[in-house]
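Protein sequences appear in the order of chains A and B.
Residues in the first sequence are numbered from 1 upward in steps of one, following the numbering used here.
Residues in the second sequence are numbered from 1 upward in steps of one, following the numbering used here.
Since the hints were derived computationally from the structure, they do not count as laboratory data.
Worth double-checking, as some hints may not be accurate.
Under 7 angstroms between C-beta atoms, here's a sample of chain B residues computed to sit facing chain A [claimed, not checked]:
hint, residue
1, N279
2, P284
3, Q285
4, S296
5, E300
Stretches of chain A that chain B covers, calculated by requiring three or more beta carbons in the stretch to come under 8 angstroms of a beta carbon on chain B [to be verified]:
hint, segment
6, 29 to 41
7, 236 to 247
8, 255 to 261
The beta-carbon is built from N, C-alpha and C at its ideal position, and this holds for glycine as well.
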Amino acid sequence: MKRKLLGVIDATTYHEDLEDLLTHRALAALPFAGRYRIIDFVLSNMVNSGIRSVAIFPKMQYRSLMDHLGSGKNWDLNRKRDGLFFFPSPIVDNDGNKIGSFEHFAANIDYFYRSTQEYAIIANCYTIFNMEFGPILKWHRQSNCDITELMRQDGSPMEMYLVKTSLLIKLIETRHETGYTCMKDVVTDIQSMYSICHYHYNGYAVMIDSIENYFSTSMKLLEMDVWKQLFVKEQPIITKVKDEPPTKYVQDSVVKNAMIANGCIISGSVENSIISRGVKIGKGTVIKNCIIMQKCQIEENCYLDSVILDKDVKVEAGARLLGTACDPYVIRKGTKQGELMNS
Amino acid sequence: MGKKKCVAMLLAGGKGSRLNSLTKDLAKPAVPFGGKYRIIDFTLSNCANSGIDTVGVLTQYQPLLLNSYIGIGSAWDLDRKDGGVTVLPPYSESSEVKWYTGTASAIYQNLNYLKQYQPEYVLILSGDHVYKMNYESMLEYHIEKRADVTISLIEVPWVEANRFGIMNTNEDMRIVEFEEKPSQPKNNLASMGIYIFSWNILKEYLEMDDRDPNSSHDFGKDVIPMLLEENKKLFAYPFKGYWKDVGTVQSLWEANMDLLGEECELDLFDYDWRIYSVNPNQPPQYISSEAVVRESLINEGCTIEGEIDKSVLFQGVTVGKGTIIKESVIMTDANIGHNCLIEKAIIPCDVKVPDGTVIRSFDDEIILVTEEVLAGLNPTYESNC
Numbered sequence: 001m002k003r004k005l006l007g008v009i010d011a012t013t014y015h016e017d018l019e020d021l022l023t024h025r026a027l028a029a030l031p032f033a034g035r036y037r038i039i040d041f042v043l044s045n046m047v048n049s050g051i052r053s054v055a056i057f058p059k060m061q062y063r064s065l066m067d068h069l070g071s072g073k074n075w076d077l078n079r080k081r082d083g084l085f086f087f088p089s090p091i092v093d094n095d096g097n098k099i100g101s102f103e104h105f106a107a108n109i110d111y112f113y114r115s116t117q118e119y120a121i122i123a124n125c126y127t128i129f130n131m132e133f134g135p136i137l138k139w140h141r142q143s144n145c146d147i148t149e150l151m152r153q154d155g156s157p158m159e160m161y162l163v164k165t166s167l168l169i170k171l172i173e174t175r176h177e178t179g180y181t182c183m184k185d186v187v188t189d190i191q192s193m194y195s196i197c198h199y200h201y202n203g204y205a206v207m208i209d210s211i212e213n214y215f216s217t218s219m220k221l222l223e224m225d226v227w228k229q230l231f232v233k234e235q236p237i238i239t240k241v242k243d244e245p246p247t248k249y250v251q252d253s254v255v256k257n258a259m260i261a262n263g264c265i266i267s268g269s270v271e272n273s274i275i276s277r278g279v280k281i282g283k284g285t286v287i288k289n290c291i292i293m294q295k296c297q298i299e300e301n302c303y304l305d306s307v308i309l310d311k312d313v314k315v316e317a318g319a320r321l322l323g324t325a326c327d328p329y330v331i332r333k334g335t336k337q338g339e340l341m342n343s
Numbered sequence: 001m002g003k004k005k006c007v008a009m010l011l012a013g014g015k016g017s018r019l020n021s022l023t024k025d026l027a028k029p030a031v032p033f034g035g036k037y038r039i040i041d042f043t044l045s046n047c048a049n050s051g052i053d054t055v056g057v058l059t060q061y062q063p064l065l066l067n068s069y070i071g072i073g074s075a076w077d078l079d080r081k082d083g084g085v086t087v088l089p090p091y092s093e094s095s096e097v098k099w100y101t102g103t104a105s106a107i108y109q110n111l112n113y114l115k116q117y118q119p120e121y122v123l124i125l126s127g128d129h130v131y132k133m134n135y136e137s138m139l140e141y142h143i144e145k146r147a148d149v150t151i152s153l154i155e156v157p158w159v160e161a162n163r164f165g166i167m168n169t170n171e172d173m174r175i176v177e178f179e180e181k182p183s184q185p186k187n188n189l190a191s192m193g194i195y196i197f198s199w200n201i202l203k204e205y206l207e208m209d210d211r212d213p214n215s216s217h218d219f220g221k222d223v224i225p226m227l228l229e230e231n232k233k234l235f236a237y238p239f240k241g242y243w244k245d246v247g248t249v250q251s252l253w254e255a256n257m258d259l260l261g262e263e264c265e266l267d268l269f270d271y272d273w274r275i276y277s278v279n280p281n282q283p284p285q286y287i288s289s290e291a292v293v294r295e296s297l298i299n300e301g302c303t304i305e306g307e308i309d310k311s312v313l314f315q316g317v318t319v320g321k322g323t324i325i326k327e328s329v330i331m332t333d334a335n336i337g338h339n340c341l342i343e344k345a346i347i348p349c350d351v352k353v354p355d356g357t358v359i360r361s362f363d364d365e366i367i368l369v370t371e372e373v374l375a376g377l378n379p380t381y382e383s384n385c
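The following block holds chain B by itself, in its conformation from the complex:
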């Protein structure tokens, strides 16, 4: 194997349990987003666009779909002779099976993967977020600061600060304190879960963490505090731009709505920073003479005969005559019948909504329209499967 300056490790084993049934059969990074993408497309595209060609993807929870989606990485131009994408599931050793018990243990158990590339730096990423970021600039910053570890941070609303790992820095952006989900945050600069480690430090501290029986083997809770205690050089890298954790049904809906409108923060049409994904190869969308389409994002393979307003439609969706869809997200191959009214809802992949169905939220809470919900509305409901 050739030597690589920087290797990325992408943590993609998250369960995303607050996404309810959306993550019943798939890991959070595989959740569909933006009419065409899966959440992990953003991180993988960022790697490709930042010139990082060696990415280990760590999977654990419901990996089937994620594995087949990533394949050999060709969608992100990461099918390389030397490096490229490698999916890294937990494995058994002669003595025991070692599950990934925390973010740090997941990386620790794949040190051999990293060693074969003799990297100088390791970029640790999470596949749970939607954002566009140049990791190369962050690496330059890390080198310039002669840091041991660089953590990327973003300003979050004060009320939400207690949900994040909060960093307190000095004037030089050196991190003096790191609190994981503090009840009384002193700051609103949150960790984005993106770390660059110098290789020797990573190796040394992961080995140390592994020997500690009291550790939960988590970067935020264990490894970072340990590094701070030993006075290592941890620097904060301030990130400006769109960044969203789409961890709940509500935030997934919001992030989709953020893509609408003429000026949106997350520009999918930027050809200099394309978001790559596995392309479905379907015919262009067909908008009929009866249809009305306003302020929406619609993917190929859709057939629209109804009214679509402020909504995001994935590939292969059909919408019948007389149907009105407002502020909703309709996922791949969902079939919406005639004369339906759907407002503030997420319709998952392959769901068939019968003619005349009314789905409407009265308390602004987003409705996840599963087949169980539809069966509740109509006892004679027959699912697609």
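Looking at chain A on its own, in the form it has when it is part of the complex:
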């Protein structure tokens, strides 16, 4: 596997439906499950599958993504040979959500020329799944297909493709003659000269493309069977570690059905919620059906139901914030919510 498969992650995607959460960050860097960024899932899958060379193609607002990935050390990708590569797009305009843009790849074609891996897997950055890529490579080689496209249980495409690196280079080089702008163009062309196969993945896989879907997918984590499919001891989802102490519960805390990351101080009541690292919840405060991101501070006697607090939000004492499951109340990063603002 080591010398066979190259990992390519397209991190250029932007979903307008997630705008409130994407003003400061790329979709790839969207916090998820209390301590992860969504790119951690595909990246960890690659590393756990033995892939040793991963190229990430981001575009716009990639500061938080770069900060998160660093040298790739947390994924053991800070290697002398191969390792983690970061190729921001030199093209400024946003040409939609095409996974595997050949124009973007062409700007960094040397990476593909220099790689010795025979095959490449091209993946989107926003799928929540825990999958080993070994079996699909084996399947692809036996099937004699030119391109394998991954499909979900329900038959919808996963926006992930496996090809020979040499074919990928050819597709990039001939993009002007063929008119193909991305992998999707190739696999959806019924007159394509390449043989396209579909590999059906039966495990849990959800693509995050709207606030509603982000919220419901997060809440699903509180179901044990979903949790067990995503967090497997042998195939851990790896993320940037923080030196947070264990979470502290004080005397009057009441916690039911919740996922809580490290470094929190919980003095209030938390139910059906996901609490990220370093969150402080004051006395008498009730948090229900919420996603609270890193370092939020919620003071005493607040009431929050169906709310998404982005990072570093401060909620002042006595505030009431209410959303619904279909339309969760999203509060943008770094803002302050006073009692009077919402009364």
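With chain A held as given, fit chain B onto it using these hints.
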């Protein structure tokens, strides 16, 4: 090698025999503490936070786990091109193998390590204690006092004074007398086992101590008395704050309990003085609908379905339904079944406690729940290993 103003030498070879089976396979500095840490994390983090970037860690007893835990020191930001962490085990010379027979001999045998950095000062530390301390302030004090040696001291309860090295000082904090574990202490100011030596003095006296056939090669018993006899300038540096020797099962339990409650003396949440450790990278903890969690410290990777009260849980612990855990410390990856009652106990790493087990202390003595203890309770007990 670049010249370093101050190099730290961390004595981490302690056996910690009063911790019973907890230190059967690992050295005392590697004993787990506080839901996430190992004892040595505190000293290494203090070094990192005090701006000391060159640390020699002296190992001897059961070093395997400690070696792999320390690695190249990256968890404490001590993986440096120049300096950083160096693990220093005993080694053989052409004539013989030299074990570290005492604290002084351990440093003496690594003078060559120190020489390569041409230090002005050497900070000698022990990896056995839990505390947060700024060594830089102590070094400033040492320089200001123009001391030959500075020893950090802390006030201990009078009844316990006979367990420590006790210092008697004059008004200027100059040490006039030093008694190692005195039966009748004149003072309750105890040595914390933290010394700053000016390099020339350290080198000279360690060489002298090595030549003395009657010496036990210990700082407290031999080197410090010798320096006092020769009227060297020894100063006491008073330390205020939390400091605990977690040398017994009881004191290890107490120190863990000290972390609970809203106001605790040892603040792990101080971002200006973080305690670093090797992070386990596990998913967030899951607290189920049936669970009750009160006044506790719980690390990532835990799955809690029972009731947790005044307890410390390390990463990866699972607690089954109907189980009650009170005033206990449950270490990494321990698995507690359903309908158990555990009170005032320490459950070591990886131990599997079967459904319905009752562990309860009747005389307030803390129970260390080893697999042998569990096999004693239930003859059909099958261990995890």
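Legend entry - Numbered hints the structure breaks, given as an ascending list: The structure breaks none of the hints.
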